[in-house]
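Undergrad: Next come the chains, spelled out residue by residue.
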Amino acid sequence: MPGTYIPSDYLPVLITFLLAAAIGMGALVVGILLRPRRPYAQKLTPYESGNPPVGEPRYRFSVKFYIVAMLFVVFDVEAVFLYPWAVAYDKLGIFGFVEMMLFIFILLIGYVYVWKKGAFEWE
Amino acid sequence: MVPLSWYIILSAVVFSIGVVGFFTRRNLIMIFMSIELMLNSVNISLVAYSHYLQSMRGQVLVFFVIAVAAAEAAIGLAIIIAYYRNNPTIKVDEINLLKG
Amino acid sequence: MDMSSGFSLLSIRPIVPELTMICTALILLLLDLIVKKKEVVAVVGIAGTLVALYGTLRLYGFSEPLTVFSDMFVLDGYSNFFRLIFYLNVILTICISLRYMVIEKASFGEYYALLIFATTGMMIMASASDLIVLYLGLELMALSTYILAGMMRKQPRSNEAALKYFFLGAFSSAFFLYGISLTYGLTGTTNLKDIAASLQTLNITGNPMVLLGLIFMIVAFGFKIALAPFHMWAPDVYEGAPTSVTAFMSVGPKAAGFAVLGRVLFSAFGAMQIQWDSILIPLAVITMATGSIIALAQTNIKRMLAYSSIAHAGYMLLGIIAGTPGGLASTANYLMIYAIMNIGAFAVVIMLRREGFQGENLDDYMGLAKSHPVASALMLVFMFALTGIPPTAGFIGKFYVFMEVIDAGYTYLAVIAVVFSVISAFFYLRVVMYMYMRDPREEVALATSPSMNFALAVTAVMILVIGVFPSVLLDLVKFSIPGLL
Amino acid sequence: MVKYILIPLLPFIAFVINILFGRNHIKDKAHWIAVPAVFASFILAVSAFMDVLGGKVININIYSWIVSGDFNVSIGFLIDQLTAVMLMVVTSISTLIFIYSIGYMHGDGGYYRFFAYLSLFVFSMLILVMANNFLLLYFGWEAVGLCSYFLIGFWFHKKSAADAGKKAFIVNRFGDFGFGLGVILIFLTFGSLEYVKVFENAGSVAGQTISILGYQFDTITVICLLLFCGAVGKSAQLPLHVWLPDAMEGPTPVSALIHAATMVTAGVFMVARSSPLFNLSASAMATVAVVGGVTAIFAATIALVQNDIKRVIAYSTVSQLGYMFLALGVGAYTAGIFHLYTHAYFKALLFLASGSVIHALHDEQNMQKMGGLKKYMPITYWVFILASLSISGIPGFAGFFSKDEILWRAYLSGGLGRFLWFLAAAAALLTAFYSFRLIYLTFHGKFRGTPEQERHLHESPPVITVPLMILAVGAVAAGWVGIPPIFLEHADRIGEFLAPVLGHPAGEGSHAEELAVMGISIIAGLAGILIAYIMYIRKTDLPGKLGAMFQPVYRLLYNKYWVDELYGKTIVQPTLKASDRIILGFFDAKIIEGIVNGVPALIGAFSRRFRTIQTGLLSSYGLAMVLGAMFIIGFWIFLR
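Protein chains in written order, with my numbering: chain A, 6 to 128; chain B, 28 to 127; chain C, 288 to 772; chain D, 8 to 647.
Quick caveat, the hints were computed from the structure, so don't treat them as lab data. Errors might be hidden in some of the hints.
Here are the simulated DMTMM-like pairs of lysine to aspartate or glutamate, each with C-alpha atoms no more than 25 Å apart in a straight line [what the hints assert, rightly or not]: (1) D:Lys382 x D:Glu371; (2) D:Lys204 x C:Asp694; (3) A:Lys96 x C:Asp358; (4) D:Lys166 x C:Glu729; (5) D:Lys173 x C:Asp694.
Here the structure is a predicted model, which is why all the values come from computation and not from measurement.
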């Protein structure tokens with residue numbers, strides 16, 4: 006029966022919150038307290054497979070990487086909707102098919118838009 | 028079997044870490060990841076409830092949350108990039124042109 | 288969740304306006320690739336909205352709510368009325384942006400598509416009878432407005448506005464989702480009506496976890512409608528965003544936020560009215576206080592209007608607090624009036640913006656009456672309306688909300704609201720005083736256009752007509768929202 | 008029904024046409040719109056008056072503006088005997104003044120604007136008198152105030168005019184604030200704002216009390232006093248009288264119409280209209296009577312020493328309004344309205360005639376620089392004489408009948424009324440004195456202005472003198488509708504006409520007493536004229552001969568200047584200074600500049616303090632949200 010498995014006493018709620026806050030804050034505080042802080046030059050250099058560091062550690066990626074990554078993420082994740090459809094394809098029938106074609110069509114419009122806007126061109 | 032309450036507590040803990048991260052982190056990307064943490068904590072609890080209740084609604088919502096989170100990530104990154112082009116910082120405590 | 292059975296073309300009738308809007312937005316996106324003149328895109332956008340409006344009007348007035356998609360989406364008078372607000376909002380916003388976005392060098396075709404997308408999101412929100420659909424509508428609206436706020440890519444202020452809006456918006460969405468998950472876990476459903484039924488059958492209206500879920504949702508809605516203390520984003524974002532977007536944002540998301548707040552509270556959590564009332568009352572008071580008081584110290588008019596919109600959210604909330612059909616109707620009525628007067632005020636602000644001149648400072652309004660009597664007179668009407676001085680529509684809006692809240696037995700809230708309205712008169716009338724009682728510092732030219740004149744005329748006339756013949760609007764509201772949801 | 012709606016609507020249409028098209032199209036033909044409109048509404052008012060005379064009382068709701076539960080705000084008209092009289096006064100005088108303005112305002116840059124505002128004023132005033140509920144009354148009340156404010160500051164480039172407008176606005180805020188509260192309290196008490204319902208239930212509310220700061224007050228008394236606050240402001244009674252003399256900065260037709268004949272009498276009308284409420288509160292009535300009586304004599308003393316021709320008449324207006332309130336306060340509502348009606352004619356006449364003088368002298372208003380105008384401006388002179396005789400209460404003239412009725416009723420009411428009667432009788436003497444001092448200084452003696460002015464002296468054109476002559480007829484004959492029974496049985500037509508609304512005043516006295524009271528007031532009037540004559544004619548015209556013959560009188564005349572200065576030092580200047588300092592210094596600087604611009608210190612400081620919460624930092628905004636949520640959660644889940 007839904008609703009019965011959570012004790013309706015106030016205490017667990019309180020505990021949940023205190024626990025949550027304690028863990029959130031605690032992790033930070035414990036880290037600061039426990040970790041030894043003895044910095045010296047070598048220790049602060051970034052690890053590059055044992056080789057002496059070459060150039061600045063904070064290498065600036067071209068912003069184009071972000072754009073491509075962003076587009077990838079969006080189109081990639083939209084694909085998750087294809088999985089449940091594929092699984093339930095038998096049951097959904099023609100309605101599901103039309104619906105999914107519409108979905109893909111709308112994605113396609115997005116794709117055309119992005120393409121025409123020149124987001125895929127590296128230059 | 029792991030009882031439901033464990034998932035719920037895990038979810039609450041992760042959510043709280045996200046909340047605390049939101050206002051303790053200085054880097055915009057880290058703040059953004061805190062938000063993602065919050066969203067995923069919700070996903071944990073939704074899936075757990077869905078399994079417990081034997082109802083698919085929770086999982087449907089999870090799908091949507093994932094998809095929306097992706098769109099959100101894209102837009103968020105785009106906004107951060109647009110910001111970074113005009114302002115040489117992504118440290119959150121230096122972003123206070125608008126105030127009062 | 289079997290959707291294949293019983294599906295026919297007829298059953299999608301309730302979502303025809305939404306489909307129209309989505310199609311319009313997609314067409315705009317493609318059109319933008321083809322045509323150079325952005326005015327064409329704007330006109331097509333308005334045309335699409337008008338088609339959707341026609342669809343809504345055709346669907347107006349069914350006595351029984353129409354539901355579709357397994358009760359996830361409902362079309363009733365309530366959602367229809369809010370749709371009218373959204374259409375008005377988007378059409379007027381497009382009218383006032385045409386020339387402005389060119390001046391701001393941000394005239395992109397996507398701008399209009401995003402306005403339509405955001406409006407569609409609002410429409411879905413107003414009609415959602417399931418938390419899942421509600422979430423999707425909310426995100427469609429929110430994601431579009433994040434981008435709109437940052438439309439002026441080259442301006443640091445616009446960047447910052449988008450950034451803040453995005454981060455805080457996403458933060459509030461997470462709260463909303465957490466609230467949904469709690470509610471879902473306890474009631475076993477996300478459908479609003481079923482939630483209400485579960486609360487009764489399981490007898491968990493007093494359960495603190497249910498209340499926790501409700502509070503999280505109120506926090507998220509409170510963010511959208513800028514209730515203190517969840518309002519902090521509003522002044523910064525309103526100031527930084529393009530003014531036309533500010534006008535759009537100060538009305539649309541607020542109206543949509545109220546629409547869902549009303550629906551969720553009345554439809555799903557009606558049994559917990561005592562609890563949410565006692566949550567909303569302090570929020571309303573803090574909101575009115577924050578908005579009215581901080582606005583006094585503002586010198587930027589967009590920022591001042593931002594605080595004013597916060598204060599107005601406080602007044603509107605009173606109708607929800609009343610918890611009666613009349614209260615709900617009075618809030619919807621207030622929102623419609625607020626939409627008209629706020630867009631009107633922002634339209635005047637936009638007119639002052641020219642190449643090389645910001646026109647956002649109160650000082651820029653000094654002596655405006657001498658050089659531009661018509662624009663000043665319009666601004667006077669809008670300021671009077673926002674203050675709530677009869678015979679403008681603003682008075683009608685406030686009056687009905689106050690009456691309903693008094694009828695519901697919260698006389699003290701009405702008194703508090705009146706006190707804050709009086710305080711708010713100071714900053715509204717300060718604009719009027721600057722225009723009429725100060726000498727101009729420098730010659731201010733106005734950037735007018737036919738569409739801008741149209742928007743100004745429509746808003747000013749509507750304010751006066753509703754002020755003098757309030758029954759026109761009130762009858763519509765009462766017809767649309769005959770009872771509780 | 009259309010007829011009644013048209014009465015206020017016609018001036019409103021004239022306003023709309025003039026304000027929209029005046030600037031570019033109508034320009035100096037604005038009167039062709041305004042005058043016919045107001046004249047037509049006069050004709051309709053006459054017809055409405057006839058209807059009422061025929062025993063018809065009209066009470067119609069035209070349009071329901073706001074309906075919410077049992078709260079109903081409608082636009083509706085009540086035309087009963089009281090309203091009918093007011094309609095006649097307002098429309099007739101408006102028509103004449105509109106015609107007069109054609110000549111007076113000729114060539115002014117804001118000609119169309121002037122007629123537009125004036126039409127708007129007439130509309131508002133008609134709404135005020137025709138309203139059938141307190142809210143519409145309040146609307147008209149505020150609207151006439153607004154018009155008055157516009158018209159006082161009509162020549163806004165003149166700083167004194169702009170300041171005067173501002174002063175009128177601010178001072179009236181006080182009264183109106185009280186009035187507004189009164190209206191709200193009426194609604195809370197009676198659940199309705201319609202006159203009919205309020206007055207019907209007035210009896211059942213009598214004796215109820217409301218608690219203010221822990222003290223119990225009689226509800227009706229509180230309502231009446233709040234309403235009276237509004238009347239005090241609008242009708243320039245003590246202590247809010249300060250705005251009216253300054254209001255003379257406006258064009259003279261405005262002074263005549265708004266600040267003498269109509270708007271300032273709105274307070275009197277409102278109190279008379281609310282007589283069913285006032286009748287239930289003896290203390291409120293006493294307050295009205297005392298304020299009226301004291302104002303009557305107070306303003307009269309100030310008028311004695313003014314040199315600005317319009318200011319003398321302005322103080323005289325304040326004083327005459329005091330008489331009206333005195334009448335209301337002693338329960339003689341009909342006498343008050345009667346005086347309102349006669350006063351409208353002779354006071355409008357005085358103003359317009361003084362306008363004619365000012366016009367002839369090219370905007371000279373100082374009487375010390377006038378004199379001897381009699382031969383240049385015979386018509387103006389004679390109408391001035393008639394009006395002054397009327398205001399001085401010389402038998403046969405309009406002012407005599409109404410003023411005498413007031414004095415008699417005050418006397419009859421006994422006790423406090425007897426004392427107020429004494430004040431009012433003394434004021435009657437002063438009235439006659441300053442009225443004739445004005446005439447003697449202006450029209451008699453030698454011209455004291457520049458030769459340049461003297462060369463241009465001329466009688467005003469017919470468009471100005473004809474309205475003067477028509478008004479003069481009113482100033483003489485208006486009182487004949489209210490001849491007291493002692494002279495002629497059943498000749499107190501106006502008293503009988505108004506009786507259904509305002510009732511009969513209580514109290515009976517013997518004929519001997521009545522004749523004595525009358526005699527005293529006539530003697531007072533004649534004495535005032537005589538003193539003025541002695542002091543001003545003798546001194547200036549026949550200084551050597553008479554000065555030698557009447558050595559003591561001459562000394563007395565000399566002392567007059569000393570008295571002038573004494574008054575100036577002890578009453579006028581301190582009053583003006585104090586009021587300027589208190590009202591203008593405090594409210595002008597702090598309220599207009601302070602509240603609207605500089606923001607009141609407290610809220611402003613709050614505001615600036617709170618502003619800093621908005622740090623502009625994302626994390627603090629997030630923190631605020633979380634803390635807000637935590638607070639709600641903590642409070643509603645853990646503490647409850």
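Undergrad: All the hints need checking, so say for each whether the structure fits it.
TA: Results for each hint:
1. D:Lys382 x D:Glu371: 18 Å, holds
2. D:Lys204 x C:Asp694: 22 Å, holds
3. A:Lys96 x C:Asp358: 20 Å, holds
4. D:Lys166 x C:Glu729: Measuring from Cα to Cα gives roughly 22 Å; hence the hint holds.
5. D:Lys173 x C:Asp694: Distance ~39 Å between Lys173 of chain D and Asp694 of chain C Cα, so the pair is violated.
Of the numbered hints stated above, the single one contradicted by the structure is hint 5.
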